[in-house]
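S.K.: Chain by chain, the residues:
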Amino acid sequence: METARHKKLSENILDKLSLDFLRNQVLKNAYGNDDTVIARLDPRILLAWYLVLGIVPWFVQDLWFLMGCFLLVLVTTKLARVAGLVLLLFGVGVFSQTGYLFVVSLFFGGDSSTIAPLLVLTLKVATCSLASITVFSGLDPDRLSNGLMWYGCPERLSFSISYAYRILPMLMEEFQNILLSFRMRGNPPLHETFRGKIRYLFYQVKMIMQAFYPLMLNTAKRSRTTVEALEIKGYRYAAVNKTVKKIKLATLRVTYNDLLFLAVSFLWISLSILASTLF
Amino acid sequence: MNIIEIEGLTFSYPAADKPVLQNISLQVEQGDFLAVVGNNGCGKSTFCKTLNGLIPHFISGDFQGSVQVGGLNTLKSDVGTLACKAGYVYQDFENQIVRPTVLDDASYACLNYAMPDYRERGREALALCGLEGHEEDYVWQLSGGQTHLLALAGAVSLQPDVLILDEPIAQLDPGHADRIYQVLRELNEKHGKTILVIEHHTEYIADYCKHVLLMKDGGIAWKLPTAEALRRVEELEACSIFPPQVTQAANQMRREGRLPQPCLLPTTVEEGKAVFAGFRYLPPARRSEPARRSEPGQGSEPGQRPELGRLAEAASPEAVVRFQDVSVAYRSVKGEDRVVFDRLNLDIHRGEKIAVIGSNGAGKSTLMKLMVGLLKPASGEIFLDGESIRKKKAEDLSLRISLVYQNPEEMFIKDSIQGDISYAMQMRKIPDFAERTSQLLERFQLTALQERDGRLLSGGQMRRASLAIGVALNPGILLLDEPTASLDIATRREIQKTLADLKDVTDTVLIATHDMQLVCDWAERILVLSGGKVLADGSRDEIFGDRRLLETVGIRPPEIFSMGQALDPQALCYTVNEFLENFQEA
Amino acid sequence: MEPAKKQTATQSQKLMVFVLTMALYGLATLFTELIPKFQVGIVEFSVEYFLFIPLTLSMLFDPLSAALGAATGELVFSEIMLGQFGGLGELEKFITVTIGVYMAGRMVKNPQNTKMVGVAAITGTGLQLLMGTVVDILKVQLAVEDFEAVAGLPESVFATEGFAFLNDLLFSGILFCLLPTLFLVPKLYGKIEPLLGMRPRDKKTGLGSINGKVILGSLVAFAVAIGAEMLAENGTALIEWEAEWAESGTALAIGMVAAAVVAIIALIAMKSSAGKGNAERS
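Protein chains in written order, with this note's numbering: chain A, 1 to 279; chain B, 1 to 586; chain C, 1 to 282.
With the rest of the complex left out, here is chain A:
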């Protein structure tokens, strides 16, 4: 198996970014970590925790405090066992959000005075992103949607979340097969030279676009059955019924672990505030 892995690694990076890989990573992120410390926490507690760590940093300019928050969410992200792809996206996202601003302001005659506010900004962006990764990737989609419902989010949204997780594997497989049809029957331009590569890129983009024509029709066929089944299963009836909501939410329970999680987070943030007042 070791040699096999070696071969895989040596393959072209574009080959690795195959749909199959993406599908696997997304599924892993959604379902592969339901046994972590984070996943077992009560969704309402986690959402409240997220509200604090996702918003408060925006209000604060203090470097110590921001560092403290950042380290905290770094640890929780690690605990949530988030898929590698998501972390990569996070890295790219943070860099492109503030990194490019930094370059641009240098270009327009900025200097080291530009760095300080941008570092603060970077920490803010990073903290909020990681906090959201912890909560939204760490939690089971169903627990997440229940938690959101408790906070009064529309039923439609919480339904959409769990339905999205259910439909995604199917959709991806279908999309993949359509793309494979294009690939087997198509004849992409040679891409050994640089110009060939550009043309190849355009060819691929065009193919992905065209693939949506069959995908739209196939998905339309499916969604009719789905909506009929939803009707039979009383989805519309439940959306307006308060008792149903109560029954759904009765499964949520705050445990000592949840409170401990809050207390430890609070301790860490207090410590970082202490540090900022001392230094």
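Honestly, the hints are just simulated from the structure, not real lab data. All residues carry an ideal CB built from backbone N, CA and C; glycine is no exception. Take the hints with a grain of salt, since some may be wrong.
[Claimed, not checked] If the Cβ cut is set under 8 Å, some of the chain A residues that face chain C in the computed set are:
#1 26
#2 133
#3 171
#4 212
#5 270
[To be verified] Quick list of the computed label-pair ranges, beta carbon to beta carbon:
#6 C:166 <-> A:193: 30 to 36 Å
#7 B:64 <-> C:202: 27 to 33 Å
#8 B:456 <-> A:249: 41 to 47 Å
#9 B:10 <-> A:153: 43 to 49 Å
#10 C:174 <-> B:8: 57 to 63 Å
#11 B:500 <-> C:123: 55 to 61 Å
#12 A:249 <-> B:191: 29 to 35 Å
#13 B:26 <-> C:194: 26 to 32 Å
#14 B:456 <-> C:119: 27 to 33 Å
#15 A:246 <-> B:76: 25 to 31 Å
#16 C:223 <-> A:243: 34 to 40 Å
#17 B:10 <-> A:157: 40 to 46 Å
Put chains B and C on the given structure of chain A with help from the hints.
M.R.: Chains B and C only, in chain A's frame:
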């Protein structure tokens, strides 16, 4: 007591010029197990949707007459109340599942109708449908058969008196199909549920159903007890429904005067034993293996030397595809990767017509995807005409080898089948592509439909179109994944004929299928995949004659074959005609 | 009875359109999130590559369901599923996409009129991009303290955002929104509707043209979007946290640490006793 009472039901869809259902009156007794049969487009599915109130509450149209289910008039009750009386399982059942985990989906309806004990009801329904132990699984981890059972459990959880299933086994392998029907029988016999199935497989009707309802042009031709219904061979065949092969054989014999005129036709193998008791297996001159299908002018008939297909066979210059120690594993979401093949070795020779069989998930589709280069093996090599394909791109291989998907809709990428057929040729700038396209359209009887979108065609037309797409580039090797899945029997026969015609167009053909009739009629070499390796490899006599093998892998031979075996273990009859020829009055 | 029945039918059709758009656009945005963004020099081509999907569907079906489905799909698939959720700020994206798609859908009375489809597609895209640009400029202005004081920042922000808008509209808007929509709408018209059990849009089934109410509604929604974005991005004006700390000093912080430690000890004690209780009972 009648659980369903229908009086003068007529229904037409909006903007349709004639009604789909015409003046239907029907009573169904509580505890019945009713099969609804009829040719395509006779209104079976529409009829079933009137029973749970989807028509007229959800699907609007012109509705006349009255439908009562469990004492409720469907016009006066809402869909929710009716769902507790009649559960429905769709033909495309996977779209009916809307929640990510098994228990969640099974109890979803109960939760929505505010039943406080929804979880227990879900669990109970799962247990009834034989899914206990899977409660916490994610739905995409289930096999096709299990997914169907889950859809059924979702309907059962509301504890309805009536269960309606639209073609429950169309997409399943025989092992899973048996499982579904056993669950249905238990629900019917132990729990008193009334069950309606729309079903083409008359063997299953004979084994499990109590009554048969024949629909014709939106009306009801008759409703009769199963045995009596299936004996009306001519009437059923006129509606393109094929009675069990045992019945067909007996009917033919009766017509030829080989059976006494006033004779009750058998509908199952068990009944057949009594009726055919006086017959003996007397093959004319003990026909030899090659004689049965060798075509004149073809010297090297693979059937003549089955040992050539063997795994251990040494290098042969004729091997067009060779698998050498191929291992494949899928990345799994959690835990260990799932190994599909572990050091698979296999040779495919020029001109072979091979059927690959095995249960769902045995790796049939993977095998095909490997050959066309859509999947790369983790280790090992695959050779096409002696060249390794590891470095080749799928698009370069497509001139030599072509794959037709199980789901034809995924092959339609253009907005007309004419466009789909010509696409690959156009992309490769084949000069006479227009001419060739019209030839192909003609050959597959699609000329009249060429401007239509493939998706909007009937099942059989879709298959023909996908086959035409598959052979467009004139590949030397054609791979077909389940070419007859989810088709009714009449359409299967039609496709089977098309496949037989294709034999002289394409050199080497490989079909993955559950359709044993197709395997018996068409294949010259059969590969049985199981547990990541080739468990058996040989001619049909070698495979179907091996009872132990059939049992371990769960292969259900054609009924007529089982009939022959039941009368004489030596008998190897694959079609009704062979049976008629080989069994003589003692 | 009769009108109620009709209402149900349209409700279910709306749900179908919602589910369809959500699934398709959601899947598409998942890819956009994963496709490396083109970066030419300093300008990022951050385009809604797949906006043509909801645009097409909103021209063929109920525009509001398609618009909401698209926005929800993006939120659920690419933000929540990939953990890229940006808090309140996502509301801005949600609302601008909804408005853009809805407007485009409302503009088309006859999907077979190619000119109309084209105009609507580019208008919808432009609207969405423009609103995004306005919000982006305001965002940076407020997020960075002393925006005006940082040398070169204001000019650079205006320049990049303005250029990005024009570039997105002219390059990606035409390539990824206008052309695919023009390609898809006529192809799907009359084919996709029967699959959902609906009649193709014509003069009778189409909604009326855009009126004052629609515009007013969109403006209010956009104001909400800006408000949410600002609230999410910056609150120094609202709450003076820093000042508070400076005065209360170390003592308060030590108090907080002590309280946290006490709470943790108490919780651990309670948890272990509860655990024991459970163990004894069972």
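S.K.: Now look at each hint and say whether the structure bears it out.
M.R.: Structure-based check of all given hints:
Hint status for residue 26 (chain A): holds, given a least beta-carbon distance of 6 Å to chain C, under 8 Å. A distance limit of 8 Å between C-beta atoms decides the matter here; for residue 133 (chain A) the minimum to chain C is near 4 Å, and the interface restraint holds. The beta carbon of residue 171 (chain A) is positioned within 8 Å of a beta carbon in chain C (closest approach about 5 Å), and the interface hint is therefore held. Residue-level restraint check for residue 212 (chain A) holds (minimum Cβ-Cβ distance to chain C is 6 Å; threshold 8 Å).
Checking residue 270 (chain A) against chain C: minimum C-beta separation of about 4 Å stays under 8 Å; hint holds. A hinted range of 30 to 36 Å holds for the C-beta pair residue 166 (chain C) and residue 193 (chain A), which are about 32 Å apart. Take residue 64 (chain B) and residue 202 (chain C): their Cβ atoms lie about 28 Å apart, and the range 27 to 33 Å holds. With their beta carbons about 44 Å apart, residue 456 (chain B) and residue 249 (chain A) fall inside the hinted range of 41 to 47 Å.
Under the hint 43 to 49 Å, the C-beta atoms of residue 10 (chain B) and residue 153 (chain A), about 45 Å apart, fit the expected range. The beta-carbon spacing between residue 174 (chain C) and residue 8 (chain B), approximately 59 Å, falls within the hinted interval of 57 to 63 Å. Look at residue 500 (chain B) against residue 123 (chain C): about 57 Å separates their beta carbons, and that is inside 55 to 61 Å. Roughly 32 Å separates the CB atoms of residue 249 (chain A) and residue 191 (chain B), a value that falls within the hinted 29 to 35 Å.
A beta carbon spacing of about 29 Å between residue 26 (chain B) and residue 194 (chain C) agrees with the range 26 to 32 Å that was offered as a hint. Restraint check, residue 456 (chain B) to residue 119 (chain C): a C-beta distance of roughly 30 Å satisfies the suggested window 27 to 33 Å. Separation of residue 246 (chain A) from residue 76 (chain B) is about 30 Å and conforms to the stated range, judged on CB atoms against 25 to 31 Å. Evaluation of the 34 to 40 Å hint for residue 223 (chain C) and residue 243 (chain A) yields a pass: the beta carbon distance comes to about 37 Å.
The hint said 40 to 46 Å for the Cβ distance between residue 10 (chain B) and residue 157 (chain A), and at roughly 42 Å that hint holds.
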